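Engineer: Chains as they are written, first to last, in UniProt numbering: chain V, 1 to 175; chain G, 1 to 104; chain X, 1 to 511; chain W, 1 to 473; chain A, 1 to 616.
Keep in mind that the hints were calculated from the coordinates and are not lab data. You may find that some hints are simply not true.
Stated by the list, open to error - For each label pair, taking beta carbons as the anchor points, the in silico distance ranges come out as:
#, chain 1, residue 1, chain 2, residue 2, range
1, W, Val195, A, Ile566, 50 to 56 Å
2, A, Phe22, X, Asn211, 57 to 63 Å
3, X, Thr426, A, Asp212, 25 to 31 Å
Unchecked claim - Quick list of in silico lysine-lysine cross-link-like pairs, DSS-like style, CA-CA up to 27 Å:
#, chain 1, residue 1, chain 2, residue 2
4, G, Lys89, V, Lys81
5, G, Lys92, W, Lys353
6, W, Lys145, G, Lys89
7, X, Lys30, W, Lys432
8, W, Lys432, W, Lys443
9, A, Lys109, X, Lys449
10, V, Lys91, V, Lys81
11, W, Lys432, X, Lys26
12, V, Lys84, G, Lys89
13, V, Lys84, G, Lys92
This one's a predicted model, so the numbers in the text were calculated from it and none came from an experiment. Ideal Cβ positions, reconstructed from N, Cα and C, are used throughout, including at glycine.
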Amino acid sequence: MLEIVFFYIAATVALIATVMAMTRANAIHALIYLIVSLLAVAVIFFLIGAPFAAALEIVIYAGAIMVLFVFVIMMLNLGEKGDKQERQWLKPGIWAGPAILSVILLVELLIVIGDVNGPVSVSAVSAKEVGLSLFGPYVLAVEIAAMLLLAGLVGSFHLGRRYLERDHIEKGSSQ
Amino acid sequence: MDGLNIPLNHILLVSSLLFAIGMLGLMIRRNIIFILMSLEVMLNAAALAFVAAGAHWEQPDGQVVFMLILTVAAAEVAVGLGLVLQVQKRFKTLDMDHANRMQG
Amino acid sequence: MIMINLIGILLIGGLLAMISERFDDKMPRKVAMAVVLTDLLYLLMCLSGMPEITQLQAPLANDPSTWLMHFKSDWIPAFGISIELALDGISLLMVLLTLVLGAIAISASWTDIVVRKGFFEANLLWSLAGVLGVFMALDLLLFFLFWEVMLIPMYFMIAIWGHENRGYAAMKFFIFTQASGLLMLISVLALVAINHSNTGVWSFSYFDLLNTQMAEQTAHWIMLGFFVAFVVKLPGFPFHTWLPDAHTQAPTAGSVILAGILLKTGAYGLIRFAVPLFPEAALNFSYPAMLLGAAGVVYGAVLAFGQTDFKRLIAYSSVSHMGFVLLGIYAWNELALQGAVMQMVAHGFSTAALFMIAGSLQERLHTRDMRQMSGLWQQMPRMGAVAMFFVVASLGLPGLGNFVAEFLVLLGLFKVNAWITVIAATGLITGAAYSLLLMQRSFQGEVNKKWADHGLIDFGSREMLTMAVMMIALIVLGIYPQPVLDTAHPVLQSLLELTTEPVNTVAEVVR
Amino acid sequence: MNASMFSALAPILILSLTAVVLMAQASIKRDQAIASMITGVGFVLALFAAHYARDFAQPVTILLQVDHWSLFFTSLIIISSFVTLILSLETFSPEGERKEEYYLLLVLSVLGAVVLIQSSHMVSLLLGMELMGVALYAMIAFPEKGELPLEGAIKYLVLSACASAMLLYGFALIYAATGSLSYLGIGARAAEAYVQNPMLIMAGSAMVLAGIGFKLSVAPFHMWTPDVYEGAPTPVTGFLATVSKGAVFVALTRFYIDGNLHQYSGLNTALVVLAIASMLIGNWLALRQENIKRLLAYSSIAHFGYLLVVLIALSYMDDQLVSQSITFYLTAYLVTTLAAFAVVSTIAGEDVKRQDISAFEGLFWYRPLEASALTIAMLSLAGIPLTAGFMAKFFVITVGIQSDLWVLLGVLVLGSAVGIYYYLRVIFAMSKSSQGGEQTANKLEKILAVALIVSVLLLGSWPQPFIAYAGGL
Amino acid sequence: MSETIWVIPLIPLLSSVMLMLFGSRLKITHIGFLGVASVGISALLTLVLAVEFMQNQQIIQESLWTWMEVAGFAPGISFYFDGLTLVMMSVITGVGFLIHLFSTEFMEKDPSYARYFAYLNMFVAAMLVLVMADNLLLLYLGWEGVGVCSYLLVGFWYQHNANGQAARKAFIVTRIGDTAMALGLLLLFTELGTLDIQAMVGAANQTWQIGDSIPLIACLLIICGAVGKSAQLPLHTWLPDAMAGPTPVSALIHAATMVTAGVYLIARTHGLFLLAPTAMTVVAVIGIATSLMAAFTALMQTDIKRILAYSTISQIGYMFLALGVGAWSAGIFHLMTHAFFKALLFLGSGAIIHCLHHEHNIFKMGGLRTRMPVTFWSFMIGSAALAALPMTSGFFSKDQILLQAYQLPDLGPGLWMAGLLGALLTAIYSFRLVFVVFFGEANTEPDKDTGWRMAVPLSVLCFLAMIGGYFMIPVAEVFPASDGSHPAHWVEYVSISVPLVGLLVAYLVFFNRRLNIDGLANSTVGKSLGNFWLSGWGIDWLYDHLFVRPYYGLANLLKSEPVDGIYGLIVALNQTFNHWLSAAQSGRMRWYLASMVAGLIILITLAANLPTGVLQ
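Isolated chain V, as found in the complex:
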């Protein structure tokens, strides 16, 4: 029973944190809320018998990927001015339409999901099992994922390098 209570608490935290993340004016604040949300989801993962996934969620998602965001936000140096603008942008007129759309979609999803029966697994899927299937039937997927990361790497390298170089050149010319 405790698990179920935990689950609901975690779910509530995740939802609230996400909502907060979506509505903050300050990017760093939003990011922290997002991390909270991710951590809450990790708890859920743990609760439904996916400890490995929970770990990865924390380590990679809340850790690595979010840090990327932090870096970029820091680089861009968004200040108070940015916050003000963000608040202006978040007027009801802007989000009314999208909100309606989202609610409709949500309702549809709820209707669809509503009939799903059955609990989640009784026994946890261990990290070993996951590892076995990753390097068993899914071995090609891992290889392709490597290629995917390579593409991401090369792409961001190309774009980011240009940014830095330009920055450098501009600075150089100004000196």
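Given chain V, work out where chains G, X, W and A should sit, using these hints.
Structural biologist: Only chains G, X, W and A this time, still in chain V's reference frame:
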């Protein structure tokens, strides 16, 4: 761990709520950084659904997919943030509503 | 093989004409003329070795060997599509008309075209090749192919060498014909699909599809697809509105080919495909079709009367005249059908000539506005006399081809429906009204001072020769049309036999 | 994994190897000539590998399905990529430096496309799509100047990621319903799942459809298309229009067939709506478009609408003719579109002003070869006989008639009629009187244009060999 | 000769063709010679033929070739020759020859001399074909042929728009009748299976009973044709305007030959009309009504040619009356005598006009008696014949008509009385013309009297107008014999005396002015009535407002192509969609995202069939 009987549809419910919130964020935010965050939320929602479904069927596949989603998210965000830098550089703003030079 | 050669000569000739421009500016037209005449001669030579056309028995009966010529070779066997060409009386008439008018069109464009002559003549020859294909193809897909492809060179002729509003006209022309062509394509494929489900065999061959069994409703819809495509091309009311623009804006040769030949492909399609393939459906539809025909006759005539543009007037007169063809076809008895065939031939000549006159005027006056003409006979008596001849031909003077055609149509139509005949017959009156108005406004009346010291040049010998060909043709058709009638007779006979039963019922229904 | 599996994977392996070699080459000596050469060689080898792999057709693990059909499309995609490669050679040359990444990205993107084509599992679908996509984002934003590429890239990235999220969520629902992630597994258990909870699997499929529909730029997921087409460098646009869309459609077809999804009327209705919307909206949008790249974008929307008709027909007839039709249509579309982009790339390049239709005026007279090529490409897109586009439309209509899809056929006719207008506008502009000659074209590109046009005409006028071949796949 | 009657129309035709092709290169004398000689030869041949016919009374049927043969419809280019044909041919070639001769002088100065003779010869050829045709289709060919020639000749001086207008009016108005006639042909062929006149009449008699409706309809349609060509009510309006052509043309076409083609047609197909008594009554009524209407109108005209034109209409009305009452040969007889004296009058007026520099108004003439004696005497004789003064040719023919009309049961006396009124009016207006033009004071000076080429035809026609009444026309075999009974003698006396009364009135009013009608003419009623008659009973006005203007209006209204408007609407619709959709391509990413989400919602709704799913 006995008594672990969280209904699947409740987890899916949470994930769909996350998905919808992410989508809402996607639609209302003008700042590209927030847009990317919203995307992460959506991907995360999908990942949650996968893991839950995997748990439901007692298969490791759900978690495998979760890991691949992580990869995908990482790659996307990497390129996405690279683009953000460029956007800031060239447009001098992160407001995506300003990026509408092409239309019609 | 003869038929392939006929088309091939034109296609290659087009290329030659295009290339020849590199050597000499004036070469293309000569090459083009030579090519068309060669083609014509070749056909005549081949025909001289053929059995007498009129002695051929009814060339349907699922027996291609009774046709004058027949050629079949696989093309896309996966769908039973083949290169199947055949020639019978009606196609022969149309092919001859095409080649003769082709030569006339080249003559008409002799001095008219000043830029990119090579490409122009090439387009002209290619469109002729396409038309020949339409008249000879018996594989439905091949037919469709020629049907569509002949439009492209025509499009270019209008779009590149046309008059002030050419872009619009060319576009309208192309969209009308292509859109209706798509309907036909769907119809063709539907018919083939039905045949496929009946027999399990893919075939696009006319002979295989002739007796396809299908539900009445289905036949009706498929037939309508064909009907619309053909009637747009004909053009029948209310699908005619592309024609005035296209004809008006096209260069002279283009107008000649459009009016003289291209319109006939629609009529030919109706006779060859729309009715025989769906005898019952088509003839059950004959009443509305005839009403459309009659409406075209009247509407075209009234609109022609209201025009001030020389070519536009002729264009609307075509609408009116082709209305008779539609009437003739859907009256579906031999008299009316013969009339329709005659009208196709005679209208080809009379309208081509009028367009050529219009082109000559445009070349000399740089306008087609009749309000700026008047009294041109004074300065160009020969052109005036020629114009008078073709004007009276187009108003249906007995002794000229158009009369024979219209009278036969009316005669056949009268048997089927007297009231529609009466409506159509008013076309004779309104036809006189606009024809004479044309004459009055351009050649008669007070001499317009504007042209008095313009040094207008009358028709020269080339033009007179061209005109003479058409005049003689019309006179011969008018007083001794029998060769044409005899050529078409066996074909029409067999077509009628194919549909003997429904005709009576239709006649009863319509009455 | 055994040797024959490796043989079956030969194209993918060679492409991956090419990527690795390119990496290595970049780290040793940066030289774009060598890089392009390596890429070209890689493509050629991959092409041979695709041919070689035909003898080893088999499912490779649960992720990939290597069979003749997918190998055919693999070859086609590689050929298209090769064309893109040739077109790219000139594209960034004024800027010159550091183009090696571009080739690497190109190879990776092609790799993604090939994975996508051969995918038989949700995971490979996702990875293929993402690999192709992520590489494409960078390719679109590759030019160092100008705002349009960047804008295009960011739009494509965000929207595409959103679509991926939808797709993922859809698969999650399907997974929740069926417990399977491979197409065949879904197909096998769909019926049972449908009985238990019809809405779940259908909603999941719909979300997957939305995600895939985005990549195909099917209405109403088409909005990004013109902007990205216009913003991207022209060769990349060509790549996007051909390789990316073709591969995704192949994957969709396989998912749809293996997943037995054509049995469900609800999904079919959804597809019908997509098809109708695409045919109409695509053509209407293109109607008065002045920028030729945007025009081609809109035209591609319409074309995928036509293609969906074939997919819909799957519900009503056996799949032999349907898959043949898809093969033919995609091939014709790819070849024609490539031809169009080849000309647009040589004539207009990256200059937005020269992408205006009015900039093509008089092309017939000073660059007849390119103009003829573009004319034929336009006619083919419009579906005029003797071109590949006509035969493609022939297939669509045949299939549509056999399945009694009269409403769709009606819309198809309507759309095509509208389509004629804007295709002709391009041709008409070219036939206007010229403003005088301009630069001469690259020889390689000329040969390319001729080759593509010849294949367009061959497919249209003598399609029998290809039909027979496609029938045997 | 009897084997080659086809030569007779061929010669003028050939001459016409030659003049058309080479006319511009020939000398004037050669042109004149060619034009006159061709008709002369035809006339001679006709004469030979006439002599032969008088001897053996043999009907000739001759077929050249089958015009067309379609499904049993096989009209030939074939000729039929009997007494009726002979009469017509004699008139056409004989009078035609004289008028050609007259024209050589009349048209001497005209630059388009060759064109004139080409047209005129062609007309003769067509007219001959018309009367010699064996079947109705060939007749129709001639019928339309003369129509076109008439059009060409009326509009001969095309430089004036009014002439062109008149020519078109002539053609189109007659075309209305022609079209109805063509419908009649269609009906006859459809019902009887042939258009050969003799065979058709035979078949008709076998198929139908007297009083059946189909022959009635057929006859009415044929009447329409005849009415159009012969300028009878209600299609007469073209003839006065047709006077715009050269005067010899008016003499030949619009007096002597073409306008009587309608009479010929009805006479030729009388076998049909006998089956439809109602149609005959219609003919008679049309005839007498036209006759009176035209006579009243002629009374008020001041243009010399218009007087003659209305007189022609009026006289043809008599012929129709004759046909309508079954006095076939009287009608034809009047046709012939009318040809003589009306041609004479027209040529006379032509001579006046020629010599007075194209003066048409009779009140600007006067006193020409002494200065143009030849013309004066021609006019005297012509007018006498027209007025049917005793012993002139007109007297014999008109008298026969009136007497036979009287004998018709029921309507007879009424028709007779109306005919008498017409005769009275005829006498008045014809002598009004003579008195005003030739007597009184001279208002203009003619430069000369006629030359020989004008004088000879005038003299010959004078002679014919005098003695024409004694000719015996060989039509006894053609028409059914009349019963030969005669009405009471007083009827005859009244008929004879009425023209004399008319002459007297004209004399009193216009010559010595004893009878002053100014008061009457100037009264309100008189004035409006006079104007009414002057305008030809306002029929032109009526038609103008009833048909011509509405048609112009319609043509103007439709000029902008309402049908194209529908397509325009389709285009506009497409453009609107394009506009809306283009506006949706705003370039804003959030909007694009929203559309994707909306699309997703739609897809899920459709695929999962949510509405029903939820309800369940």
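Engineer: If a hint holds in the structure, say so; if it does not, say that too.
Structural biologist: Taking the hints in turn, this is what the structure says about them:
| no. | hint | verdict |
| --- | --- | --- |
| 1 | Val195(W) <-> Ile566(A): 50 to 56 Å | holds, 52 Å |
| 2 | Phe22(A) <-> Asn211(X): 57 to 63 Å | holds, 59 Å |
| 3 | Thr426(X) <-> Asp212(A): 25 to 31 Å | holds, 27 Å |
| 4 | Lys89(G) <-> Lys81(V) | holds, 17 Å |
| 5 | Lys92(G) <-> Lys353(W) | holds, 25 Å |
| 6 | Lys145(W) <-> Lys89(G) | holds, 11 Å |
| 7 | Lys30(X) <-> Lys432(W) | holds, 26 Å |
| 8 | Lys432(W) <-> Lys443(W) | holds, 25 Å |
| 9 | Lys109(A) <-> Lys449(X) | holds, 24 Å |
| 10 | Lys91(V) <-> Lys81(V) | holds, 17 Å |
| 11 | Lys432(W) <-> Lys26(X) | holds, 22 Å |
| 12 | Lys84(V) <-> Lys89(G) | holds, 21 Å |
| 13 | Lys84(V) <-> Lys92(G) | holds, 17 Å |
In this structure, none of the earlier numbered hints is contradicted; all agree with it.
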